[in-house]
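Undergrad: Once you've looked at the hints, dock chain B against the given chain A.
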Amino acid sequence: MGESVEIVVDGERVRVSEGMTLASALMDAGVIAFRVSVSGAPRAPICGMGSCFECRVTVNGRQHQRSCLIPCAEGMVVETGSGAGRGDAE
Amino acid sequence: MSGAARENGATAVIECDVAVVGGGPAGIAAAARAAESGAKVVMVDQGMRPGGQVWRHRDTSDLPRLARSWLDRLNRSGARCLPMATVTDATSDCVVSVAHRDGSATVRAGALVIATGARELFIPYPGWTLPFAMGIGGAQALLKGGMRVTGKRVIVAGSGPLILPVAAAMARAGARLTAVLEQAPAAALAGFARTLWRHPSKLADGARYRSAFARTPYRTGSWVVRAEGEGRVERVTLTDGRRSWSEECDLLCCSYGLVPNVDLALLLGCAVDEGRVVVDPSQRTSLPRIYAAGEPTGVAGELAALTEGEIAGLAAAGDARAADRSLARARQRWRAFAEQLALSFRPRRELRDLADRDTIICRCEDVPLSRLDPSWSVRQAKLYTRIGMGPCQAGVCGPACHFLYSWPQGRVRPPLGGPEVGRVQEAGFRVQGLQGNRKQETGNR
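So the sequence lines, in the order shown, correspond to chains A and B.
Read in order, the letters of the first sequence correspond to residues 1 to 90 in this note's numbering.
Read in order, the letters of the second sequence correspond to residues 1001 to 1445 in this note's numbering.
Isolated chain A (complex conformation) (with noise of 0.2 Å):
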């Protein structure tokens, strides 16, 4: 396993290991809504491997990332569906 690196969740700083993937990361810190759907239903992984487009938040300012397809690194920066008026639909 890598080292430990931190990234910010929503504001919060999460310790995970370094490569681990986003959403595996995002999992373990409790985030229920990944993304919010256009009805407005939080939404999670389902497929972990970029074909469902369900684990898509916003990283280091850059919107609708695939939290499955993205190793962990440090400092890096995540809003989630379940950050207060973060990850709108398109």
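Hints are supplied without guarantee of correctness; some may be wrong.
[What the hints assert, rightly or not] Just so you have them, the derived chain A footprint on chain B, three or more residues with Cβ under 8 Å: (1) 1143–1150; (2) 1269–1283; (3) 1384–1395.
[To be verified] DEER-style ranges, computed between Cβ atoms: (4) E1248/B with Q63/A: 50 to 58 Å; (5) R1321/B with V38/A: 48 to 56 Å; (6) G1151/B with G75/A: 24 to 32 Å; (7) A73/A with T1060/B: 15 to 23 Å; (8) R1235/B with E74/A: 34 to 42 Å.
[Said to hold, decoys possible] A partial selection of chain A residues facing chain B, derived with a Cβ cut-off under 7 Å: (9) D28; (10) S37; (11) V38; (12) P42; (13) A44; (14) I46; (15) M49; (16) G50; (17) C52; (18) N60; (19) G75; (20) V77.
Note that these hints are calculated values from the structure, not bench results.
Since the structure is predicted, the reported quantities are computational estimates derived from the model, not experimental observations.
Glycine residues also receive a C-beta, built at the ideal position from the N, C-alpha and C atoms.
TA: Okay, now just chain B, sitting in the frame of chain A:
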């Protein structure tokens, strides 16, 4: 060339003999064998490192010996890997547009190998959109990515051989495995097991996995009816067709086997029959210089994918050993295995009636069952409801609607893989020959 591409300057043009799309066992075998035959090879893969789904890993020490030896072989072969890269467009003259996190690339190849793997079949049931209801393979991917499940109440349900390794992995990771369900009837499973004498390693794997979750029954002929909870999965109703019962649940893994990823093949114009890319004994598709290997030609697992990948890689590199006798024999065996797999784990009819009026069918556009008319064509359904038109481009609801309504797969248009608009612009401008109008379209999106 337009301003955007010039200003950005991030689009690289890569020339090669063989481009391989997908970095799972089929892609790895194709890339390695083609490169060993002297071809200049580029492998484009969405993953963080080669391995695909079945060989997904964070450290190679997590992998079985076979996987490690193929990854070593790939490394030594000289094939170039482009990780975390998505194919956004491709043309039948083997020009492939690729988007990655930092820009885009155009790969111009002499031959192309489609090794795009498979995705899970999700059959909608009430509550399947709740957080922590996911696919079996999805849960496995997140587990391999480092997700903790210690002490969590986990249900693994659905269909197919993947249930066993995932249930085993959950148990080993400390989950409280409360139910493991296979929808196929016991008789179908027994029939499948009888055909496995030709593949003893699979039987041994199955027994090993089963022993890892020995305390939880593996119920056949049983399936998930619905999931419920306040904002996330908390309870799941299960049935064996006669009796229903409820289980408390923190993580529900439910999906119904795999469907080949044929989007790229369809985009290129390759012949696809019953959801599988049509190939000849050298893995060549209906188009010259375009090959397909592994799950896209019919789901049969990693060993089949390696065999087909080897053949495709050799053929794409123009190496006569593609016609090797022992490879050909193995290929025949695996094709028979694919048929048996599809037959044995065919989803039962009862699963068509799980979704109720309010059950979401298209998760991207939130289209519920009540808005869909089975008599529609795919085109009508899209026009009236936007079903399948969200980011996943029917990746999830397409196979579901095929199962529910026998709707065929809709037309595939670029860009594939849901890239950001900027990436498409950069990549799109560099593809010659078919762009014309598309420049305008993507530019205005």
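Undergrad: For each hint, tell me whether it holds in the structure or not.
TA: The hints, checked one at a time:
{"no.": "1", "hint": "1143–1150", "verdict": "holds (count 6)"}
{"no.": "2", "hint": "1269–1283", "verdict": "violated (count 0)"}
{"no.": "3", "hint": "1384–1395", "verdict": "holds (count 4)"}
{"no.": "4", "hint": "E1248/B with Q63/A: 50 to 58 Å", "verdict": "violated (36 Å)"}
{"no.": "5", "hint": "R1321/B with V38/A: 48 to 56 Å", "verdict": "holds (52 Å)"}
{"no.": "6", "hint": "G1151/B with G75/A: 24 to 32 Å", "verdict": "holds (30 Å)"}
{"no.": "7", "hint": "A73/A with T1060/B: 15 to 23 Å", "verdict": "holds (21 Å)"}
{"no.": "8", "hint": "R1235/B with E74/A: 34 to 42 Å", "verdict": "holds (39 Å)"}
{"no.": "9", "hint": "D28", "verdict": "holds (5 Å)"}
{"no.": "10", "hint": "S37", "verdict": "holds (5 Å)"}
{"no.": "11", "hint": "V38", "verdict": "holds (5 Å)"}
{"no.": "12", "hint": "P42", "verdict": "holds (5 Å)"}
{"no.": "13", "hint": "A44", "verdict": "holds (4 Å)"}
{"no.": "14", "hint": "I46", "verdict": "holds (4 Å)"}
{"no.": "15", "hint": "M49", "verdict": "holds (5 Å)"}
{"no.": "16", "hint": "G50", "verdict": "holds (5 Å)"}
{"no.": "17", "hint": "C52", "verdict": "holds (5 Å)"}
{"no.": "18", "hint": "N60", "verdict": "violated (11 Å)"}
{"no.": "19", "hint": "G75", "verdict": "violated (16 Å)"}
{"no.": "20", "hint": "V77", "verdict": "violated (16 Å)"}
Going through the hint list in order, the structure does not satisfy hints 2, 4, 18, 19, 20.
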